[in-house]
Structures are given as C-alpha cells and as structure tokens.
Amino acid sequence: MTAHDETTETIGGSGYTLEDLSAYLDRNRTPRIAAIERDAECQAVLASMERMGRLSRELVAEQAVEPLADSWYDDIMREVMREFRAGRDIPLARTDDGTEIVVTEGALYELIRCVGDEIPGVLISRVRLDHPEAGGPLSIRIAMSVRFGRRIADAVDQLREDVRTAVERQGDLRVGTIDVTVGDVHLDEEEER
Amino acid sequence: MSTLTSATDALLASRAADGDQLAFGVLVRRHAPFLVAFAIKLTGSRADADDCVQEALITAWRRLPDLAEPEKVRSWLTTIVSRKATDRLRSRKISEQIDEEMVAAEGDPERATVASSQMDALKRVLAELPEDLRVVWVLREVGGHSYEEIAEEVGTTPATVRGRLARARKTVLERMQEWR
Numbered sequence: 001m002t003a004h005d006e007t008t009e010t011i012g013g014s015g016y017t018l019e020d021l022s023a024y025l026d027r028n029r030t031p032r033i034a035a036i037e038r039d040a041e042c043q044a045v046l047a048s049m050e051r052m053g054r055l056s057r058e059l060v061a062e063q064a065v066e067p068l069a070d071s072w073y074d075d076i077m078r079e080v081m082r083e084f085r086a087g088r089d090i091p092l093a094r095t096d097d098g099t100e101i102v103v104t105e106g107a108l109y110e111l112i113r114c115v116g117d118e119i120p121g122v123l124i125s126r127v128r129l130d131h132p133e134a135g136g137p138l139s140i141r142i143a144m145s146v147r148f149g150r151r152i153a154d155a156v157d158q159l160r161e162d163v164r165t166a167v168e169r170q171g172d173l174r175v176g177t178i179d180v181t182v183g184d185v186h187l188d189e190e191e192e193r
Numbered sequence: 001m002s003t004l005t006s007a008t009d010a011l012l013a014s015r016a017a018d019g020d021q022l023a024f025g026v027l028v029r030r031h032a033p034f035l036v037a038f039a040i041k042l043t044g045s046r047a048d049a050d051d052c053v054q055e056a057l058i059t060a061w062r063r064l065p066d067l068a069e070p071e072k073v074r075s076w077l078t079t080i081v082s083r084k085a086t087d088r089l090r091s092r093k094i095s096e097q098i099d100e101e102m103v104a105a106e107g108d109p110e111r112a113t114v115a116s117s118q119m120d121a122l123k124r125v126l127a128e129l130p131e132d133l134r135v136v137w138v139l140r141e142v143g144g145h146s147y148e149e150i151a152e153e154v155g156t157t158p159a160t161v162r163g164r165l166a167r168a169r170k171t172v173l174e175r176m177q178e179w180r
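Residue numbers (the numbering used here), protein chains in the order written: chain S, 1 to 193; chain R, 1 to 180.
If we strip away everything but chain S, and leave its shape as in the complex, we get (with noise of 0.2 Å):
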C-alpha cells in the first residue's frame, strides 16, 4: 500500500489519523478529546463516516423487507420438527400388572402451555417442572405474559386451577404447589387497529 494511501496521515490540524477518528467514533466519542472536536476537518469526516454507517444499515433494512418464501421457511421448520426436546420421563401412572407409564418433561410443558394460552389474555412463557421423589406431588414453576388491561390475580388463579385440572386428569400425578411469575405484559394485535 503506497504512503498517501494509508490511514496514518493526520487530519487537519488535529494530529490524529483517520484510523484514530474511525476508533473515536466506535467508543461514542468518549472520552471527549478536544483536538477533534474543535478541528473542522475532522468534524467532517466524522459526520460523513456516521452518515455511511447509517446509510448501510438503512440498505440492509430495506432489503430486510422483502418477504422470504414459504418454502425458504419450510426448509428450517423440517429440520427444527424433526428435533423434538423430550427432557426427562416423569412417572404418570402404573398399572395393575406394574407397567409404568411415564409423560416426558416437554409434552406437560407443552400441555400447560396449551392450557395457558386457552385463557384470554394470558400468554405462557417457560415452565419448570420440580419432581423430588417417586410418587410425591409435581411443583410447577410457569412464567407468563398478561394482555395490557387484563387483571393478573384473575388471570393468575384461573392459569392455576385450569393447569392443575389438566395435569392430574392425565393420570395418577398430583400438582404440588403452582407458582406463577408475570414477567411480560403484551399487546393483542387486533386491538391495536
């Protein structure tokens, strides 16, 4: 690279190169240093460098607009139903010749999910399962989101009774304690418009 092409030559009368004006910039200006920021050489570049960053990334969002075909989707979602998360087997029942029936982790997680989500303006969000011992009551941990304007007791006590109901009519489980955490609140679109 030949001299006049590098990024060593000092900007007007700051005694600073471009390479030190791009690396001041990245660190949000700070410290501040005087010497660049009175120079109105410097102050150029420096406006004209944030004007192409943002110019990039208005490129990049407006080429973010544009839809990807079902099938690009399809492709992903194969694989990602292929690989189902089970977790761990949880007893559920034994029948009278001893045969053991167990429920994987990730079907209840998915079965309170469903009950949650049935509830208006309730939304799950993750869900853990404490199973101590052998035939002892399941603890379920379930954080939620709540619709804006929904009231969370209502909402918390009717989650509570209708995954409880759920759980133990699957079979000889019984729910020990249920705490619920609201960690989100959440729009409904429909009613945005």
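Keep in mind that the hints were calculated from the coordinates and are not lab data.
Take these hints with a grain of salt, some might be off.
What the hints assert, rightly or not - Not everything, but these chain R residues come out facing chain S in the computed CB check (under 8 Å):
# : residue
1 : L11
2 : R15
3 : Q54
4 : I58
Claimed, not checked - Here are a few chain R residues that sit away from chain S, every Cβ distance over 10 Å (derived from the structure):
#  : residue
5  : S6
6  : D66
7  : A68
8  : I80
9  : R88
10 : S91
11 : E128
12 : E141
13 : T157
For every residue, glycine included, the Cβ atom is placed at its ideal position computed from N, Cα and C.
Assemble the complex: chain S is given as a structure, and chain R must be docked to it using the hints.
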C-alpha cells in the same frame, strides 16, 4: 385470545427454549428477512446468505436452552449468522473461488429496488470493497459488534479490526465523495 404473533421476543425465545416449535417459527418469521439482508451484505451472495441464515437458525434452535437473556434473541441470532458467514468466507477463500460471482450478485439489476441512487452507489462501493474490509464494516455498522467481538468472529486481533475498519471507512468516504 392472545396469539403468539403478539408476544414479545423474550417470551417467544423462552418458549422456544422449552421446546415450543411454533413459537420458534414465529420468531424466525419475525427476524429472518433482516438476517438474510445482513448476511447478503456480509457474504455478497444471496445463495450463500440463504444457506448461512438457514444453518444459523437450526443451530439457534439447538442452542436456545443456553440463551441467558431471551430478550436479546435478535442480536444473539445476528451473532450466529455472522459466525456462519465468516466461516463460509474462510472456506470459500481456501477453495480459492474467485469473488466474481459476488460482485455479479450484488450488481443484480433484479435486486435494485426504488432505492435512491445514493443507496445504489453505496451498495456498489460495498460490493467492490475487498472482502476482509467489507466484513468488518458490516459487522460494525450493521451488526453493531465491538472490535473484540469482530476479532473473535473473523479470527484476528482487535488492533487489526481497528485498522481494517479505518481502511474500509476511508475507501467508502473517498468513493462516495460526491454524495458526502
């Protein structure tokens, strides 16, 4: 009833980490168009971008249970995409494929939208930048990654990243002079 499309990123990422494939699907539809546009800028090729993002999303599905901050899922996905893209660039270099196809893909008239001619000019300038400069530019300006993160992604030192970014900026400023 509330539907998943009204859920926050954090909620969708948490559910997906618990194994909810539908929530993952909603998340993917929300962010894939940006990720593809980002990967096109990194790799310079639509076909490579599609492959990188698809691979990245499948990797993401597997690694979601390890994601500590589900609300940051978008930037986490962007990082996985940059890794896949830089890996691909490295292997492309090893197999000594010439970058002609990239320039051709960038100049593809079909992709030229109603963008201002200033945008078109920048698009051309970025496509013509040497690959090592273009990658640090895109990771920094579009991805918002730090010098340290970029260094790790492209397998070099933060000092080299700093130098390349300065050269990239200098080149862009010079070639975009009439638009400054």
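Do the hints match the structure? See the list:
no. : hint : verdict
1   : L11  : holds (5 Å)
2   : R15  : holds (6 Å)
3   : Q54  : holds (6 Å)
4   : I58  : holds (5 Å)
5   : S6   : violated (5 Å)
6   : D66  : holds (12 Å)
7   : A68  : holds (13 Å)
8   : I80  : holds (13 Å)
9   : R88  : holds (17 Å)
10  : S91  : holds (21 Å)
11  : E128 : holds (14 Å)
12  : E141 : violated (4 Å)
13  : T157 : holds (14 Å)
In summary, the numbered hints that this structure violates are 5 and 12.
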